[in-house]
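Engineer: Chains A and B, in that order, are what the protein sequence lines are. Each residue of the first sequence is one higher than the last, beginning at 1 in the numbering used here. Each residue of the second sequence is one higher than the last, beginning at 1 in the numbering used here.
It is worth saying that the hints were derived from the structure and are not from the lab. Please note that a few of the clues may not be correct.
[As the list claims (entries may be wrong)] In silico lysine to any residue, SDA-like type, Cα no more than 25 Å apart, as pairs: (1) B:K248 / B:I133; (2) A:K110 / B:I189; (3) B:K6 / B:N350; (4) B:K39 / A:G61; (5) A:K110 / B:I353; (6) A:K110 / B:I133; (7) A:K29 / B:D40; (8) A:K205 / B:S162; (9) A:K303 / A:E185; (10) A:K178 / A:G323; (11) A:K290 / A:S331; (12) A:K199 / B:V283; (13) A:K199 / A:K178; (14) A:K187 / A:Y351; (15) A:K199 / B:E56; (16) A:K199 / B:N246; (17) A:K199 / B:Q332; (18) A:K290 / A:K110; (19) A:K110 / B:I197.
Being a predicted model, the structure only gives us computed values, none of them experimental.
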Amino acid sequence: MKRRTLLASGAGAAMAAVLGAPLRAQSGKTKVGFIYVGPVGDGGWTYQHDQGRQAIEAQFGDAIETVYAENVPEGPDAERVLTQMVLGGANLIFTTSFGYMESTLNVAAKFPDVKFEHATGYMTTDNVSVYSARFYEGRAVQGHLAGNMTKSNKIGYIGSFPIPEVIRGINSAYIHAKQVNPDVEFKIVWAFTWFDPAKEADAAKVLIEQGCDVILQHTDSTAPQAAAQAAGNVYTFGQASDMAEYAPMPRISSIIDNWGPYYIERTQAVMDGSWASVSTWDGIGKGMVKIGEISDAVPAEIKASAEALRDRIAAGEYHPFTGPLNKQDGSAWLAEGETADDGTLAGLSWYVEGIEGDIPS
Amino acid sequence: MLTLEKRPQPSKNWTYAAPLLAVVITMIVGGFVFAALGKDPLVAIRTIFYDPLFGEFASYSRPQLLLKAGPLILIAIGLSFGFRAGIWNIGAEGQYIIGALAGAAVGLAYFPDGSRIVVFPLMILAGVAGGMIWAWIPAFLRNRFKTNEILVSLMLVYVAESIQASMALNLLRNPDGHGFPGSRNLSQIPASANLEIFANTGIHWGVFTALVAVVVSYGVLMRHRFGFDVRLAGQSPRAAIFAGVNPKRLVMTCMLISGALAGAAGMFEVSGPAGRVSIDFNVGYGFTAIIVAFLGRLHPVGILFAGILMALTYIGGELAQLSLSLPGAAIQLFQGMLLFFLLAVDVMTNFRIRFGSKE
Numbered sequence: 001m002k003r004r005t006l007l008a009s010g011a012g013a014a015m016a017a018v019l020g021a022p023l024r025a026q027s028g029k030t031k032v033g034f035i036y037v038g039p040v041g042d043g044g045w046t047y048q049h050d051q052g053r054q055a056i057e058a059q060f061g062d063a064i065e066t067v068y069a070e071n072v073p074e075g076p077d078a079e080r081v082l083t084q085m086v087l088g089g090a091n092l093i094f095t096t097s098f099g100y101m102e103s104t105l106n107v108a109a110k111f112p113d114v115k116f117e118h119a120t121g122y123m124t125t126d127n128v129s130v131y132s133a134r135f136y137e138g139r140a141v142q143g144h145l146a147g148n149m150t151k152s153n154k155i156g157y158i159g160s161f162p163i164p165e166v167i168r169g170i171n172s173a174y175i176h177a178k179q180v181n182p183d184v185e186f187k188i189v190w191a192f193t194w195f196d197p198a199k200e201a202d203a204a205k206v207l208i209e210q211g212c213d214v215i216l217q218h219t220d221s222t223a224p225q226a227a228a229q230a231a232g233n234v235y236t237f238g239q240a241s242d243m244a245e246y247a248p249m250p251r252i253s254s255i256i257d258n259w260g261p262y263y264i265e266r267t268q269a270v271m272d273g274s275w276a277s278v279s280t281w282d283g284i285g286k287g288m289v290k291i292g293e294i295s296d297a298v299p300a301e302i303k304a305s306a307e308a309l310r311d312r313i314a315a316g317e318y319h320p321f322t323g324p325l326n327k328q329d330g331s332a333w334l335a336e337g338e339t340a341d342d343g344t345l346a347g348l349s350w351y352v353e354g355i356e357g358d359i360p361s
Numbered sequence: 001m002l003t004l005e006k007r008p009q010p011s012k013n014w015t016y017a018a019p020l021l022a023v024v025i026t027m028i029v030g031g032f033v034f035a036a037l038g039k040d041p042l043v044a045i046r047t048i049f050y051d052p053l054f055g056e057f058a059s060y061s062r063p064q065l066l067l068k069a070g071p072l073i074l075i076a077i078g079l080s081f082g083f084r085a086g087i088w089n090i091g092a093e094g095q096y097i098i099g100a101l102a103g104a105a106v107g108l109a110y111f112p113d114g115s116r117i118v119v120f121p122l123m124i125l126a127g128v129a130g131g132m133i134w135a136w137i138p139a140f141l142r143n144r145f146k147t148n149e150i151l152v153s154l155m156l157v158y159v160a161e162s163i164q165a166s167m168a169l170n171l172l173r174n175p176d177g178h179g180f181p182g183s184r185n186l187s188q189i190p191a192s193a194n195l196e197i198f199a200n201t202g203i204h205w206g207v208f209t210a211l212v213a214v215v216v217s218y219g220v221l222m223r224h225r226f227g228f229d230v231r232l233a234g235q236s237p238r239a240a241i242f243a244g245v246n247p248k249r250l251v252m253t254c255m256l257i258s259g260a261l262a263g264a265a266g267m268f269e270v271s272g273p274a275g276r277v278s279i280d281f282n283v284g285y286g287f288t289a290i291i292v293a294f295l296g297r298l299h300p301v302g303i304l305f306a307g308i309l310m311a312l313t314y315i316g317g318e319l320a321q322l323s324l325s326l327p328g329a330a331i332q333l334f335q336g337m338l339l340f341f342l343l344a345v346d347v348m349t350n351f352r353i354r355f356g357s358k359e
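Construct the complete structure from the given sequences, taking the supplied hints into account.
Structural biologist: This is the structure in C-alpha cells:
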C-alpha cells in the first residue's frame, strides 16, 4: 500500500531503462513467482496459495519453474522482493495479499513485459490482472450452519481488517444465520491482522467468554480452533483451508480457497502468449470456493439443507444478497427479489440491518 | 578441565575479534543448516553475503541495502549511548512509531499547500520530538519512581502500535482512500517526500542523517565529556557518581538521545520508503537495531558495519528464498544465530579459558 519516492520520480524511468528486460535473467522456461504475506505453513490463506503453486508444478512439470517468498511485509519490502523476482527472470507473478496492491502496480509499471496477478485487489492495468473468489457465497453456507447450531444465539466473528472483502463476509453470514434463527446476534471482534495466532486466540477466548458458541473467523491461523477445542462446546469453521485436523469438533465445516485451477489457467495463458489483463471473481460454481465436508457434529437435516443452499448458489439459482435487505441504519438497500450488483459488493462498507456495532473507520 | 577465568581488563583484541568470529561461526553453522535442508551451503552463503553486493543485479540491491540499513544504523546509534551507560531502552520501536506519526501528522496538516522548505524540516522536528516524548516517559518514571525502564519502554511499544492503528483508521486516514485504512502517501506529496539526495543511490535524507549520526556520535563518545561520563557510568556507576556524574540526568539524556534518533528514523521511513501511515507499517527496525547496536560493539563505526551486515542478511536472505527456495524461517534462524554466537563469543572478551585444574 506504499510507494517509494524513487520510482515516482523521473529516476524511476531511468532505472527502468537500466534494469529493464535485456538485463533480466532469462531461461527458456516460464518462471512463475509468488509473494506471500504469511508463512506457507500457516494452514490457511498462504498455505492454500502455495497449494496452488504446487498444482502448477504438478501440471507443467519441467516446462516451468516456480519461486516464492513468504512472510513478506506489505510495503517497501514487498516492492523490493517483487523487483528481485522480476530481475531473477519471473514472467508471471501472483501477489497474494490485498496490501501488495501499490507495490504490484509500481513494479508492473517498470516491467511492462512481466505479467502480474493481484489477489483481492481492484486496480488493473495492461499487465496487472486481479482475481478473487466469492467467499461470501461460502459465508452464506457458514451462516446457515451457524444459525442452526447455536444454542446461546450468540455468534462470534473474528474480523481481520474492515475492508469490503471482510464486511461482505460478515453480512452474508449474518443474513443467512438470521434466516434460520431470528434470535441470532453477532459479536464482532477486529483483530487487525491476517495472521497472528496469539491475537486470534485472544479474540476467540473473549468471544467464548461472552457466551458465543459458534465462532467464524476471517483470519488465517488455527488458533481459534484450538481455543474452541479447549472450551469444548464451541463450533468453528475452517478458514481458507479445510483445517480438517479439528474435525468433527470444533470444526464443523470450512470454506476452502481453491486457487490451483486458476493458477494453471493463467500460467498456460502466459506460455501460449494469450495472457490478457482480466478481473476474475469466481465462486462455488466455478470451484474457486469450496465448502469443506460438513462433519457428523451437525444433525443430518441441517447438513442436508446447508448442502442444498450450497448447490443452489453453485447453480446460480440463488444469490446470497437477495432483497429485501436494508442497511444497518434502516435505509433501503435491495428491494424484494433484487440482487446486489458486483460493483456495490466490491465496495461494500456498511453492515446490513440487524448487525450491532460500528465498523471501525 | 576447562575453567573460565575473569580477565582483569576486557580484552581489546577480543572486543574486535568477537563480532568477526561470530559472523564466521554463523556462516559455518548456517552452512550446516542449509546443507541439512538439501542446499549447497557455499552457494547459499554466497547468495546471502556476496550477490547483493557484487552479483548480477547488484546495481539494484546496493541502494536497497542502504535503504534497509539507514534506519537500523540511526536507531542503533541512539541506543548505543544508553546501552554503554547501562540504561536499557528496549522500546525504540515505539519511539520510531510515535516519531513517524508526529512527522506524518505535520506533513498531512500542511497538505495540499505548504512549501517543502518549511514543511519537511518541521516534519523532521516533529519526528524527533515525538520520539523524545515517548522515550521521556520511561526515563521520567525511572528517575521519579524507580520503575524498570526495560519493561516500561517495551510496554510502550504496544501502546504506540495501538495509537498507530487508530491513526491509520481515524485521524490520519486518507479521505480519498475509498474507506481503506492508511494515510495519504507522503512520498508522493512534493512538500513532504523524503527524497533521494543522489538519484539511484538509495541515499535519502534518513540515510544521510544516519551517516552524520555515526560521525557525530563518534566525536561525542570519544572526544567529549558527555561520552566520558557515559562510558564511566557503564563501567562503574559508583566511580561515575564520585566523578560528578548526575545519574538521573544521565538516564534522561541517554533516553532522549535514543528517542530522538528513533523518532527521526520513523519519520524518514514514513515519508520515504514506507510512504504512508498504515495499521502496521512498522516492521521491527526498533528491535533489530538492538542486535545491530551490540553486533557493532556499541561503537559508531562498528554500528555502521553491523547495520549494513544486517541489511545484507535481509536482502541476501530474500535472494536465497527466491533462487534457492530456502524457507523464510531458515533466514530468520540465521539472523538469530548471529546474535546468539556474538553473545557466546563475547565471553572471551571478559574471560579467558584455562586448561587443566587451577591449583
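Engineer: Look at each hint and say if it fits the structure.
Structural biologist: Status of each hint after checking the structure:
Our distance criterion of 25 Å between C-alpha atoms is met by K248 of chain B and I133 of chain B, whose separation comes to about 17 Å. Among the hinted pairs, K110 of chain A with I189 of chain B is consistent with the structure: their alpha-carbon atoms are about 21 Å apart, no more than 25 Å. About 6 Å separates the Cα atoms of K6 of chain B and N350 of chain B, which keeps this hinted pair within 25 Å; it holds. Our distance criterion of 25 Å between C-alpha atoms is met by K39 of chain B and G61 of chain A, whose separation comes to about 21 Å.
Between the alpha carbons of K110 of chain A and I353 of chain B the distance comes to roughly 57 Å, so the proposed pair goes past 25 Å and is violated. Note on K110 of chain A and I133 of chain B: the hinted pairing is violated, with a Cα-Cα distance of about 41 Å set against a maximum of 25 Å. The straight-line distance between the Cα atoms of K29 of chain A and D40 of chain B is roughly 23 Å, inside the 25 Å bound, and the hint therefore holds. A threshold of 25 Å between alpha carbons decides the hint, and for K205 of chain A with S162 of chain B the separation of about 20 Å falls inside it, so the pair holds.
Between K303 of chain A and E185 of chain A, the direct Cα distance comes to roughly 22 Å. Compliance with the 25 Å bound is thereby established for this hinted pair. With a C-alpha separation of about 14 Å, the suggested pair K178 of chain A and G323 of chain A falls inside the 25 Å cut-off, and the hint holds. At most 25 Å may separate the alpha-carbon atoms for a hinted pair to count; K290 of chain A and S331 of chain A exceed this at roughly 33 Å. Restraint check: the Cα-Cα separation between K199 of chain A and V283 of chain B comes to about 17 Å, which is no more than 25 Å; the hinted pair holds.
Distance hint between K199 of chain A and K178 of chain A is unfulfilled; the C-alpha atoms sit about 28 Å from each other, more than 25 Å. For the suggested pair K187 of chain A and Y351 of chain A, the alpha carbons sit about 13 Å apart, so the restraint of at most 25 Å is met. Restraint check: the Cα-Cα separation between K199 of chain A and E56 of chain B comes to about 42 Å, which exceeds 25 Å; the hinted pair is violated. Only pairs whose Cα atoms come within 25 Å are accepted, and K199 of chain A paired with N246 of chain B is rejected, the gap being roughly 43 Å.
A C-alpha spacing of about 22 Å is found between K199 of chain A and Q332 of chain B, which places the hinted pair at or below 25 Å, so the restraint holds. For the suggested pair K290 of chain A and K110 of chain A, the alpha carbons sit about 36 Å apart, so the restraint of at most 25 Å is broken. For a cut-off of 25 Å, the pair hint linking K110 of chain A to I197 of chain B stands: about 21 Å separates their Cα positions.
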